[in-house]
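So the sequence lines, in the order shown, correspond to chains W and F.
So the first sequence is numbered by the working numbering: it starts at 1 and just counts up by one.
So the second sequence is numbered by the working numbering: it starts at 1 and just counts up by one.
FYI, nobody ran anything at the bench for these hints, they're computed from the structure.
One should not assume that every hint holds.
Label pairs and their in silico Cβ distance ranges [unchecked claim]: (1) Ala-99/F x Ala-207/W: 26 to 36 Å; (2) Asn-103/F x Gly-84/W: 27 to 37 Å; (3) Arg-39/F x Ala-118/W: 30 to 40 Å; (4) Gln-128/F x Lys-121/W: 38 to 48 Å; (5) Thr-154/F x Gln-119/W: 37 to 47 Å; (6) Asn-103/F x Ser-85/W: 22 to 32 Å; (7) Gln-119/W x Asp-27/F: 17 to 27 Å; (8) Thr-180/W x Thr-154/F: 54 to 64 Å; (9) Thr-136/F x Asp-183/W: 26 to 36 Å; (10) Arg-44/F x Asn-86/W: 10 to 20 Å; (11) Thr-154/F x Leu-181/W: 51 to 61 Å; (12) Arg-203/W x Lys-62/F: 45 to 55 Å; (13) Glu-176/W x Lys-56/F: 43 to 53 Å; (14) Ser-139/F x Thr-71/W: 46 to 56 Å.
Capping the alpha-carbon separation at 20 Å, the derived lysine to aspartate or glutamate pairs in EDC-like fashion look like this [as the list claims (entries may be wrong)]: (15) Lys-182/W x Asp-27/F; (16) Lys-88/F x Asp-158/F; (17) Lys-217/W x Glu-178/W; (18) Lys-196/W x Asp-27/F; (19) Lys-211/W x Glu-59/F; (20) Lys-182/W x Asp-158/F.
All C-beta atoms, glycine included, are put in the ideal place defined by N, C-alpha and C.
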Amino acid sequence: MDQRPGLPDPSFLKMPLRDVARGLKGAADLTQDAMAPVMATLPAPLQSALSDALNAIKLQGKSVLTLTVQTPEIEAAAQFIAGGSNDAATCAKVIAFAWDRLNLGDLASETVLASHLAQTKAESASPEMHAASVLLAMADSNAFGKLPGVLGHEGEAGRAQILAALVAPTIWLLAEREETLKDDLHLLDLAGALTKAFQSDVRAALAEEDKLGPLLKMLAQHL
Amino acid sequence: MTSVDPQNAPVRKSAQRMRWFLSVFEDQVTQMEEDTGNRFETDRGVLAAVFAEWLKAFEAQKPQKQDDKETYVGFAAGLMLRSLVKHKPLRITSRPEDADDSNPAYFWPEGYAYVAFCLNVRGLVLTQDFGSVQQTNKSLEDVRTWWSFRENVTERPDLALSFLDLFAGDDPNWDAPQLFRSGQAKKLANQFYDAKQLAEPKQNQ
């Protein structure tokens, strides 16, 4: 009889452990990228074996990462984004979840993001201006990219890309909530599609940051 | 034509939300399938792009004057039809064996579904938000008009606005349909008033 325990439900893992799971997948991605030039020079059987091994690691990371979030967590994150609460940890969990679900980029570290957001003091008159401040703070957190936690590892171009990617989960959290979790997660997918369709406007607003709040409000209202 | 459930209110504001648009469009397609026997495949990614393009166009010419708001409903519906015929989110996968091609619903099933959606939303907003009733034109059932509609909008999508006005019984602008004409509501009201003034003396004679 097989006595091995099954994989734990990632929803109940502690924040750093979820980051480890993300790292497992990310490390395999990075290794595969880094190995690409060398792979071509290897004999075919070795190429295949190496590729299979890396894919197995990625799949393992991905299976651990099949997590979700619950309605109260989404509501708490929405309140944080709009300036109505201090629950940075839950907001970080929900944002990292959205990052993975929408496949917005390389890696997201909940731990780094939560720590950065907890120290962020954003005081604004309106929910959308507060959301804009949080969005900028998230992009400056070094929580996203190939090496989360490493200061300035993505450079200016990388920061702009991360900032643009984070618009989708931000407008999702600013928008009116759906009645069921299923519908709310579907709304997140729509936020991704809407942001993508408004990509040029998003990039223009990011260049002039005082336009960011009004754009977030407009997109959230039309979601 | 298949109708949109009038329980979804307030319509004018709801129609500017992506979640409402996708849900109502898909409901409309389902009803259209039941009514006609046609079967469609919907590309949700393309549909999202349609909404985004429409929203930009809608915001770009949104009138400030209260008098223009009602006229803008028809214009906005035309903008939506333009995006739908341009991006083609629907693809017909099957239709009844005995489908009559002289019926617009079978002559151009996708186009018919787009027009039905735009007219239904237009009618719903006019009724619920402005207390007006949309009157459709006989050309809506005329396959020759549909042939012209399909040919013209393929070459020039802006003409979708003119054709929707035609189908809705309004006066189409064929020259620059993509530009909203402010003051049209007043002009139409004046025309009606003048005509009434001319008619009344004859009745008194």
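Is the gap between the beta carbons of Thr-136/F and Asp-183/W within 26 to 36 Å? Between Thr-136/F and Asp-183/W, where Cβ atoms are some 34 Å apart, the hint holds.
- When you take the CB atoms of Gln-119/W and Asp-27/F, is the distance between them in 17 to 27 Å? This hint is violated: roughly 47 Å between Cβ atoms.
Subject >> Consistency of beta-carbon spacing, Thr-154/F to Thr-180/W, with hint 54 to 64 Å >> reply: 41 Å, violated
task = Can you let me know if the beta-carbon spacing of Arg-44/F and Asn-86/W is within 10 to 20 Å?
result = 37 Å, violated
Pairwise hint evaluation, Glu-59/F against Lys-211/W, where the allowed Cα distance is 20 Å at most: With Cα atoms ~16 Å apart, Lys-211/W and Glu-59/F stay inside 20 Å; holds.
Open item on the list: Next pair to validate is Lys-196/W with Asp-27/F; report whether the Cα-Cα distance is within 20 Å.
Closed with: 25 Å, violated
| message | The hint says 27 to 37 Å between Asn-103/F and Gly-84/W; measuring C-beta to C-beta, is that right? | response | Violated: the Cβ-Cβ distance is about 55 Å, outside 27 to 37 Å.
Q.
Does the beta carbon distance between Ser-139/F and Thr-71/W stay inside 46 to 56 Å, or does it fall outside?
A. 49 Å, holds
30 to 40 Å as the expected CB spacing between Ala-118/W and Arg-39/F, which holds or is violated:
Between Arg-39/F and Ala-118/W, where Cβ atoms are some 53 Å apart, the hint is violated.
Q. Between Lys-182/W and Asp-158/F, is the straight-line Cα distance small enough, at 20 Å or below?
A. Between Lys-182/W and Asp-158/F the Cα gap is close to 38 Å, so the pair fails against 20 Å, i.e. violated.
Quiz item: Between Lys-88/F and Asp-158/F, does the CA-CA distance stay at or below 20 Å?
Solution: 15 Å, holds
Starting from the hint 22 to 32 Å, judge whether the C-beta atoms of Asn-103/F and Ser-85/W obey it.
-> 57 Å, violated
In the structure shown, a violation is registered for the earlier hints numbered 1, 2, 3, 5, 6, 7, 8, 10, 11, 12, 13, 18, 20, in ascending order.
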